[in-house]
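S.K.: Let's have the full structure, built from the sequences with the hints guiding it.
This is what each chain is made of:
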Amino acid sequence: MLTTVAQAVVNGLLIGGIYALVSIGVTLIFGVVKIVNFAQGEFVMIGMYISYFLASSFGIDPLVSLIVVMPALFVIGVLLQHLLIRRVLALGDMPQIFLTFALSLLVVNVALLLFTANYRTVQAPYSETAIHLGAINLPVAKLIAFVVAMTLSAVLWVFLHATDLGKAMRAAAQNRDVAMLMGINPDRVFSVAVGVALALAGAAGALLMPFYPAYPLVGQVFVLMAFVAVVLGTLGNVTGALIASLMMGVAESLGIQFVGADSGLIVVFVMLLLTLALRPSGLFGGRSR
Amino acid sequence: MQKWIVYNLVNNAYESSTGPIDDPASTANVIGCAGVTASNGGENDDREVKMATTRMATIPRRHARRDFLKKSASVAAVAAFGTARKAFAAEPVNIGGLYPVTGSFAQIGQGCVNAAKLAVQMVNDAGGIKSLGGAPLNLIVSDVQSDTTVTRTETDRLISGYKLSAIHGCFASALTLIASEVAERAKMPLLTGSSSDQLNKDRHYTFTPFCRASQFALAQLQMSKLVSDAPKVAVIFENTAFGTSTSNGLREQAPGQGVEIVMFEPYSAGLTDASPLINKVKASGANMLFPVSYLNDLILIIRAIKQNSLQIAINGGSGGFVIPDFYKNVGAVAEGLLGVAHWNHDVNADAQKVNAVYKQQHGEFLFEYAGGLVAQTFMIADALERAASVDPQKVRDALSTLDVSSGYAAMGPGGRVKFGPDGKNIYAHPVGVQWQHADLAAVFPKEDARAPIVKA
Numbered sequence: 083m084l085t086t087v088a089q090a091v092v093n094g095l096l097i098g099g100i101y102a103l104v105s106i107g108v109t110l111i112f113g114v115v116k117i118v119n120f121a122q123g124e125f126v127m128i129g130m131y132i133s134y135f136l137a138s139s140f141g142i143d144p145l146v147s148l149i150v151v152m153p154a155l156f157v158i159g160v161l162l163q164h165l166l167i168r169r170v171l172a173l174g175d176m177p178q179i180f181l182t183f184a185l186s187l188l189v190v191n192v193a194l195l196l197f198t199a200n201y202r203t204v205q206a207p208y209s210e211t212a213i214h215l216g217a218i219n220l221p222v223a224k225l226i227a228f229v230v231a232m233t234l235s236a237v238l239w240v241f242l243h244a245t246d247l248g249k250a251m252r253a254a255a256q257n258r259d260v261a262m263l264m265g266i267n268p269d270r271v272f273s274v275a276v277g278v279a280l281a282l283a284g285a286a287g288a289l290l291m292p293f294y295p296a297y298p299l300v301g302q303v304f305v306l307m308a309f310v311a312v313v314l315g316t317l318g319n320v321t322g323a324l325i326a327s328l329m330m331g332v333a334e335s336l337g338i339q340f341v342g343a344d345s346g347l348i349v350v351f352v353m354l355l356l357t358l359a360l361r362p363s364g365l366f367g368g369r370s371r
Numbered sequence: 004m005q006k007w008i009v010y011n012l013v014n015n016a017y018e019s020s021t022g023p024i025d026d027p028a029s030t031a032n033v034i035g036c037a038g039v040t041a042s043n044g045g046e047n048d049d050r051e052v053k054m055a056t057t058r059m060a061t062i063p064r065r066h067a068r069r070d071f072l073k074k075s076a077s078v079a080a081v082a083a084f085g086t087a088r089k090a091f092a093a094e095p096v097n098i099g100g101l102y103p104v105t106g107s108f109a110q111i112g113q114g115c116v117n118a119a120k121l122a123v124q125m126v127n128d129a130g131g132i133k134s135l136g137g138a139p140l141n142l143i144v145s146d147v148q149s150d151t152t153v154t155r156t157e158t159d160r161l162i163s164g165y166k167l168s169a170i171h172g173c174f175a176s177a178l179t180l181i182a183s184e185v186a187e188r189a190k191m192p193l194l195t196g197s198s199s200d201q202l203n204k205d206r207h208y209t210f211t212p213f214c215r216a217s218q219f220a221l222a223q224l225q226m227s228k229l230v231s232d233a234p235k236v237a238v239i240f241e242n243t244a245f246g247t248s249t250s251n252g253l254r255e256q257a258p259g260q261g262v263e264i265v266m267f268e269p270y271s272a273g274l275t276d277a278s279p280l281i282n283k284v285k286a287s288g289a290n291m292l293f294p295v296s297y298l299n300d301l302i303l304i305i306r307a308i309k310q311n312s313l314q315i316a317i318n319g320g321s322g323g324f325v326i327p328d329f330y331k332n333v334g335a336v337a338e339g340l341l342g343v344a345h346w347n348h349d350v351n352a353d354a355q356k357v358n359a360v361y362k363q364q365h366g367e368f369l370f371e372y373a374g375g376l377v378a379q380t381f382m383i384a385d386a387l388e389r390a391a392s393v394d395p396q397k398v399r400d401a402l403s404t405l406d407v408s409s410g411y412a413a414m415g416p417g418g419r420v421k422f423g424p425d426g427k428n429i430y431a432h433p434v435g436v437q438w439q440h441a442d443l444a445a446v447f448p449k450e451d452a453r454a455p456i457v458k459a
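Going down the list, the protein sequences come from chains A and B. Heads up, the first sequence is in this note's numbering, so the first residue is 83 and it goes up one at a time. Heads up, the second sequence is in this note's numbering, so the first residue is 4 and it goes up one at a time.
Bear in mind the hints are in silico, worked out from the structure with no lab data behind them. Where is the CB? At the ideal position from N, CA and C, for every residue including glycine.
Just some of the chain B residues that point at chain A, by a computed CB distance under 7 Å: (1) 271; (2) 280; (3) 286; (4) 310.
Derived coverage of chain B by chain A (criterion: at least 3 residues anywhere in the stretch with Cβ under 8 Å from a Cβ of chain A; other residues may be distant): (5) 106 to 116; (6) 294 to 302.
M.R.: This is the structure in structure tokens:
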């Protein structure tokens, strides 16, 4: 029994790491640019396909492909900010929602056209192996994904707290107008924020590839969890999104174990409802960290 | 889009008026289909089905085609008048094929279309329908886009737009149920490999030559006793119609077969992670797993079992489990996994012959549904032969008295086709299959087994 619970918690934490990469991206864009990116899941999908084609055409391991996927998605992010998001920033909520939602539809449908609806998987040498810690199984592919996800989150934290650009981003997140008065160039800050967010989504895609099939609609599986995590962890709060993602992974896993396999998400949504009722601004209410 | 459809109809009329249909590309005409094409890229570019993709992709191609048509029309006209008449004196017989060539079932639907084209070519190469003066079959494929609403309109359009003698389709039971309703109202005979038992209720024009969903469950339970003396089964199923109906069949018949079900667990399709579910299976103490799942979840489940070092026999049922794509995605881990099917490519010599041709054309084995519909095409040809008429009512009557036990029409498990009053083939039964050496081998029951069952 204890083993079963421990294994359930481990499983939850491991998948929570992936949720975290997606949700940190969403919360970063919201915090800095003040726009909800509904297309975030689609960039996970793009990351998966880049990783898949590098693996199938050139035999590059999905983990190695991170060094291609992340810069590629960063560039896409900068272009996205520069060419599209910038134009709707002054227009209010509706055009912003329509923009990212339309982008999501467009990317999914272009992917269906280019890649077909077929599932594509990569067989890495470690795809099916596991490390045994006593009676606990640690699947290698997921463990690597978790460790890399946590490392990237830590790097982002250091970037936000120790570099000028990072501090400028947090300043813009706290109060855009005052930040601009202090001489912060919002275009540059926003571009970097969107770029970093997309790079994280791409990283999630590449990390998923050794154990998850790629298909055009795959992003929507993860983006739902990401949005819940972002709200739970307080909109715009990077650390909050990380902790909430891990909590949700564990809650989902325990829910499947002890409530029912079709109720895992119910546990997560009950958590969300309770949080919204008791602490409307999220678990880490008010403060941006 | 309007223009495109008109173009297609013209193109179709052009092809059928020229008569001789000797190249496989021209034996199928796809009508309809606006919107997103999910199947038209990459590896399958060689398929000859004509389809509109998105508006963006269509426009340049449409112009290219139009130019091509203009230039080649005069040449073709000369050729048509010169040689066409003597190849086939009789008018071609139109039969409809309803398959999801785009959308989530696109991969399987495309395989079905390939097989349907092959079958028509085989009938025509053998001299067409002799009682109709050697009339060739003309397959008209319609894309039902993996969508129930589209299936309804496309079935209607196919029946009202063409002079058809019979239809086959649509792979997914949910789609076939709709097509069968429409065909019933139009009094158009429909043959299908879909396994839903509902297709045999209150229908007079629907014929199901292969085993029913309820028979699959029994075969799965019987097979579990071949791999374990005391099977303790965990059933995990996706919680919509497909999963619940199949799993209920298993639960109802398990006690009668002396099989103990130790876990019976619905889950929501589209898993983010299968590990928690597999952790639960592990805790249940089961030694046999029946996942009733779609392909994406199945991939995660099989991998999670390996990752969690769980030793358990698996019977994945039918559908997505018995297509070449499953092995492509799961790899060597699939070896030894069991499944059930209404047809397999090794059940008899005729099936193996068709499989060899299909494999040569498309590089992978002829899967369950596609192989079954090759047999269906020959059943339609047999009925047309006896009816000596293209009238759908007469074809329907000839199908109801069909009784074949040799040739391509009878190349399924059971080896004989004769329909009961409910349209069910009374000789049909499922075949148990196992993944062995990257191929699917028939292992159950004894009379259909072509390879011994390998215990994990």
